[in-house]
Structure formats: C-alpha cells, structure tokens
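**Q** Chains as they are written, first to last, in my numbering: chain U, 1 to 378; chain C, 1 to 315.
Bear in mind the hints are in silico, worked out from the structure with no lab data behind them.
One or more hints might be untrue.
Unchecked claim - Restraint ranges, calculated between C-beta atoms of paired labels, are given here:
{"id": "1", "chain 1": "C", "residue 1": "61", "chain 2": "U", "residue 2": "318", "range": "32 to 38 Å"}
{"id": "2", "chain 1": "U", "residue 1": "270", "chain 2": "C", "residue 2": "61", "range": "44 to 50 Å"}
{"id": "3", "chain 1": "C", "residue 1": "140", "chain 2": "U", "residue 2": "270", "range": "43 to 49 Å"}
{"id": "4", "chain 1": "C", "residue 1": "140", "chain 2": "U", "residue 2": "376", "range": "29 to 35 Å"}
{"id": "5", "chain 1": "U", "residue 1": "41", "chain 2": "C", "residue 2": "135", "range": "28 to 34 Å"}
{"id": "6", "chain 1": "U", "residue 1": "41", "chain 2": "C", "residue 2": "113", "range": "43 to 49 Å"}
{"id": "7", "chain 1": "C", "residue 1": "60", "chain 2": "U", "residue 2": "22", "range": "42 to 48 Å"}
{"id": "8", "chain 1": "U", "residue 1": "353", "chain 2": "C", "residue 2": "113", "range": "47 to 53 Å"}
{"id": "9", "chain 1": "U", "residue 1": "127", "chain 2": "C", "residue 2": "17", "range": "17 to 23 Å"}
{"id": "10", "chain 1": "U", "residue 1": "126", "chain 2": "C", "residue 2": "17", "range": "37 to 43 Å"}
{"id": "11", "chain 1": "U", "residue 1": "270", "chain 2": "C", "residue 2": "116", "range": "33 to 39 Å"}
{"id": "12", "chain 1": "C", "residue 1": "117", "chain 2": "U", "residue 2": "353", "range": "54 to 60 Å"}
Glycine included, each C-beta is placed from N, C-alpha and C at the ideal position.
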Amino acid sequence: MNIRRVFAMAYKEALQIWRDPRSLAIALLMPLMQMTLLGYGVSLDIKHVPLCVFDQQNNQQSRGIVERFVSSGWFSISHTLTRQAGIRHAMDRGECIAALVIPANFSRRLATTGSVGVQAIFDATDVNTTNIAIGYMQGVVALINARIDARWAAAHGVRLPRTGQVDLEQNTWFNETLDSRNFIIPGVVAVILALVGAQLTSLTVSREWERGTMEQLISTPVTALEVMLGKLVPYFVVGLIDAVFCLAAAAWWFGVPFRGSILTLFVTTALFILVVLDIGYLISVRIHSQLGASQVALLITLLPTTLLSGYTFPIDQMPAPIRALTFFVYPRYYVTILRAIFLKGSGLADLWAPSLGLLVYAVIIIWLAARAFRKRLD
Amino acid sequence: MNTAGPAILAEGLTKRFEDFTAVDHLDLRIEKGEIAGFIGPNGAGKSTTIRMLCGLLRPSEGRALVAGFDVDREPEAVREHIGYMSQKFSLYGDLTVRENLRFFGGMYRVARKDMGERTRFAITMAGLSGREDALVRTLAGGWKQRLALGCAILHRPPILFLDEPTSGVEPEARRRFWDLIHDLAADGVTILVSTHYMDEAEYCNRIALIDRGRLVAMGTPSQLRSRHLGGRLFEIRCAPLGAALQVLRDAPGVLEAAIFGDRLHVLLGPGGLDETTLSGFLEEHGVKAQAARLVTASLEDVFVQLVSGHHEGQA
C-alpha cells in the first residue's frame, strides 16, 4: 500500500465533496432533522391518559375521587358523561382510553359497608398502553383507599393495626426519572448514524462508474485497498461531524445525562462510523448505478437497524433465533455502547465485548470490500 | 520492461461476450517506437482489444504481452508501463485542470520533485496555459482530449494506448493532437492509437485494419495500398452514375465499382477492361463518360475492398 496514492485519492474525493455543496448540506443537516423527528416521535411514556367519567353519584365525595385521578397527572378528563352509552361512543371515536363509572349509591354503600366498587373500562386495542393505564389506575385507587382508611380510623378513634407488612422501596439506577427518552435517544443516534453513514459512501464508487471516470482510474496501478482508504478518509470526517451533531443534540437538546468519558465515546464512535461507511462502500463497489446503490444501502440498513438493534424493541425479549440474528446487526453493539456510556458512564474496559463486536465487523467488511473491488471492466 | 521483445504482442487474442465474439483470434506485433494505427468501423473490436491490452478486460482465449508482461496474469505490471486514454472522456469534470494532473500524478507516483515540471509540460502541451484553475467540465472538446493525453503521459510511460482520441474533435484540434503523438513517438514512446477517421491512418507508421473482430490486414500505408488492392484504381467522370454502376458491376475485369463524389472509382484486375477500353464500354451501354484516370488508392478504398472481400468470403 502506498500512502501517496491514498493521500491523492483522499484529496480528490474531498475536493469533489466540497464542490457539491448541496449534497454536503444534506449529509450534514439530514441527521439533525432525523434526530428531531425520531427523538420527539418515539416516546414510550404515556401521560395524561384520556379518561371519561360517568359519575352517577355526583356529590362532593364522588367528585373528590375524580379529582384524585386528575391531580395524579396521569389522567385527564376528556368527557363527563350523563349516560352509560356515552362511554362506548367516546371510545369508538378514540376520545378516551379509559372510563370510570361511579355508582349512584357510592356514598351510602361506602358509609354502610365500608367498601364500594367503582367500575373501570379500558379500550384494549393497544395492549401496551392499556397495561400502563391499568397500572396508573391501580396506583390512584391505592392512594384513595389509604386515605379512606386513615379517615375512617380517625373518625372512629381507632389506631390501625400495624400488620407485618413489607414495603417495597424502589431504587432506580442510571435513569432515575424513569424517562424512556434517556433510553431511546442514544439508540436513535446509532440508528441515524447507521443510515446516514451507509448513504454517504454508497455513491462514491458507483459515481465513478456512472460518470465513466472509473475506466481511467483502474488503468492506473492503484490498488483496491488504496482506493478504499482514500475514499473513506473524507467521508470519515463528514461522518464524525454528523456524530458530533447527533451526540450533542442528545446531551444538550434532549437532556440525556452524559456520565462517560469523551475518549471512550470518541473511540467507539469512530469504530462504528468506520463500519457503517465501509458497508456503504461495499454496496457501492458491487452496484454500479448511484440510484441502485443508494436504494440498496437504505434497504439493507433501515430494517435490521430499526427492528433488530434493540433501540426500541428489547433484544432480551426476542425469540431465541431472532436474538441470535441480532449479533449480525452491527448497530446493536453501538446502541449498547452508547447507552452504557451515556447513562452508566462505562469505560472501554466495561465495553470490551460490544467494542470487539464492532472491531470484528470492521475487519470483515474492509476485507470483503477490498476483495470486491475489481480492476476490470468485465 | 523487457528490452528484447516487441512492445506489444498478441497471439490469438479473443474476447467473447456471451455468444457475441468482439475480438476473434487477433495476432498483433508492434515494435518499440512505432505509431500503430487501429483502423476499423465502430464496433469492429478496436476498443475491446485495447482494453484487453491494458488489462481492463480478460481475454477469453489467446494471450497478449505488453512491455513483456502478460496482460492476464500480471495486469499491475502492465499498468505500471502504460498510459491509457479511454474512448469516452474520463477525467474528473468537477476538478480543475491542475487538480486532475495532480491526482493522476499521485496515482502513478510521479516523484514530487518532478511533478512541477511534468505538470507544466502537460499544461503547455495541451495549450491550457492560463486555464490551470478552470473546472475541466467547462473546457471544449479539443482541450479535454489534450488534457487527457497529458494525464496519460505524466509518468512517462513507454507505451501509450489511445482509444479514438480525436473522435468528436474539430479538424484543427485533430491535427494538433497528431503533432503531439508524433513528438511522443520521436522520444521513443510506442503508441497504439485507434480511429475511425481513415485520413488519420496516413499519420501512422503501420496500420492494422480491423473488421468484425478480425485483423484484416496489417502493414505500412503504402504496403497496404499496393499489396491488398489486387488491381489498379481508376477514376472516371460519367453520367448517369447509377446506370454506370449497374453496367460495370457485371463487366469483365471489374473487381469493384463505387460512387466517389460525382464520379466513379473502378478497380480493374488483370484481363477484361483496361483504362483504354473503359470509357468506350460505358458509352456502348448508353452512359456518357470521359477518359479514365489512374488514381492513387486511399486507405479507404483499400479498406472497402478488403472488407467486402472478407464478407463475401464469410457468406
């Protein structure tokens, strides 16, 4: 390998990137746009579940119950109904996910028997959301019961017996606010870099074929490895700038806590960018039309990356064969690495396994791409 | 570079694309310092042959040595010793003149201390002084061709392959280009140049006539004219031309008759009609004709003659 040729190739490629400011602008702005879309679009937290209320009692006590739901912050009242049939209507139109029905004899039964049922109805079309809403509902009801018990005890001058109860004291580490955004945003960064990186280089060889410059290039003694390295260098810089944009947006715009070291972040990110650029390059070597190469790059990066990288769908919960498949999906390593660096502050020593995964990937792809580049027209 | 053998040697060189044979058992021997012309119509197999000689296409059969290296087994050694200018312009249009030269200088590892001088030479040669920083896509055809030549000779290759370097270039620029080729040959560079302009064939030391992938004839222009025509060529003014052509087709001793501008070119073999009886024969058949005149055959005449005979032979 001759460093002079690598340099000449890199310089030429950089000039071509620089002379095409529109493509460069897209390459630099696209990740930020996607960051905004995906960052805001993907959230697993559900707040203000729309709730419709059919309060048949409608006295101070029952209204107090409803008030508890609102003040919890988890529910907002979408409808206050006067007929049972209204619930079905509201759910059909998607205006509420849950309904609360308070019976007409609420206060009397509570006073006489000390216990009364309220009915909760859920729209279970979206099972995930419904489960979360049921959890919220149980939480609110538990609070209400505790207060009723306390009030009853106070009114009757009884000290509640301290039964031997165990309280679960929850401690959540690394993402103390349990904000799903902190979990998802680092994954979004990995997904965007995987998509954009492959796009960047998918055109670089096919462009030479399409413009006819390849024939002249391969008539020179340049080697496949020199062409690849030379072409990757300037795109590596563009890829790093994209990474800085996305990571900065994650930390400062979306406020994901950053607890790791910049050095660990740089080393692993550089490795990941090398992999994604080389995937694009490999595609470009194999497919001689720019449009075709860019489409294939999108196709083979988009689906595995979004579905199998673990950025939203947890890998642990996948069936075993699919889970085995994710080891071939290179973004999964970077998703793991980024989450660990951001939220746990892990260093390279902790991250040796996924880093090694990326390294092995890089070596294999570089080898494949160098082999795939043929200095022949047939 | 192997100093003993010829610069370019091909033996039974063949290229098939699926069931189409582009180059068919071609034998070629080109000595050092020659300007060898590849002449033939479009699709004759000129480009395919040149690409095989540059190691860009693999021969289906046969072998070729360029600078003593086997094009199939040692393509990189071949590439170190050649300059190549492809038929389609293939420099970088979004780079300037100087940037293109610098790039190819890098690819060929031209020593840095020589780059300044070589670049200046290429720019002067191409007549691009003052346009060093112009984007190449803004240049006119003739300049582009000369710059492409400049890029191909930056590393001073002993062998140069030029694939239709003058196609689509205006006549004045074509002449200038051939002057450059002669200057390079004078410095000892072996040049294989293809063209479909017959008049350019006269500029070559030797020509290889190619048709349908086969080498039809090879020799100096004068050798080809005298050896391959098989008769003497006469020019005759007559009218109407169509009727005259009809009459001569089946006349004794006529090998070939073709309309050439406002007159006929008639190739006469031994026996049958000759220059004294030709116009009389036409007048007998109701064609007004002047006296026949012996002309020097152009290479185009030779080519037409060779190719038509070749095709009849095949049919």
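**Q** All the hints need checking, so say for each whether the structure fits it.
**A** Verification of the hints:
A beta carbon spacing of about 54 Å between residue 61 (chain C) and residue 318 (chain U) contradicts the range 32 to 38 Å that was offered as a hint. Take residue 270 (chain U) and residue 61 (chain C): their Cβ atoms lie about 49 Å apart, and the range 44 to 50 Å holds. Against the hinted window of 43 to 49 Å, the Cβ-Cβ separation of residue 140 (chain C) and residue 270 (chain U) comes to about 45 Å, which satisfies the hint. Between residue 140 (chain C) and residue 376 (chain U) the beta carbons are some 32 Å apart, a value that agrees with the proposed interval 29 to 35 Å.
With their beta carbons about 42 Å apart, residue 41 (chain U) and residue 135 (chain C) fall outside the hinted range of 28 to 34 Å. Between residue 41 (chain U) and residue 113 (chain C) the beta carbons are some 58 Å apart, a value that contradicts the proposed interval 43 to 49 Å. Taken as a hint, the range 42 to 48 Å holds for the pair residue 60 (chain C) and residue 22 (chain U), whose Cβ atoms sit roughly 44 Å apart. Roughly 50 Å separates the CB atoms of residue 353 (chain U) and residue 113 (chain C), a value that falls within the hinted 47 to 53 Å.
Taken as a hint, the range 17 to 23 Å is violated for the pair residue 127 (chain U) and residue 17 (chain C), whose Cβ atoms sit roughly 59 Å apart. Our hint of 37 to 43 Å for residue 126 (chain U) and residue 17 (chain C) is violated, since their Cβ atoms are close to 58 Å apart. With their beta carbons about 36 Å apart, residue 270 (chain U) and residue 116 (chain C) fall inside the hinted range of 33 to 39 Å. In this structure, residue 117 (chain C) and residue 353 (chain U) meet the distance hint of 54 to 60 Å, their C-beta atoms being roughly 56 Å apart.
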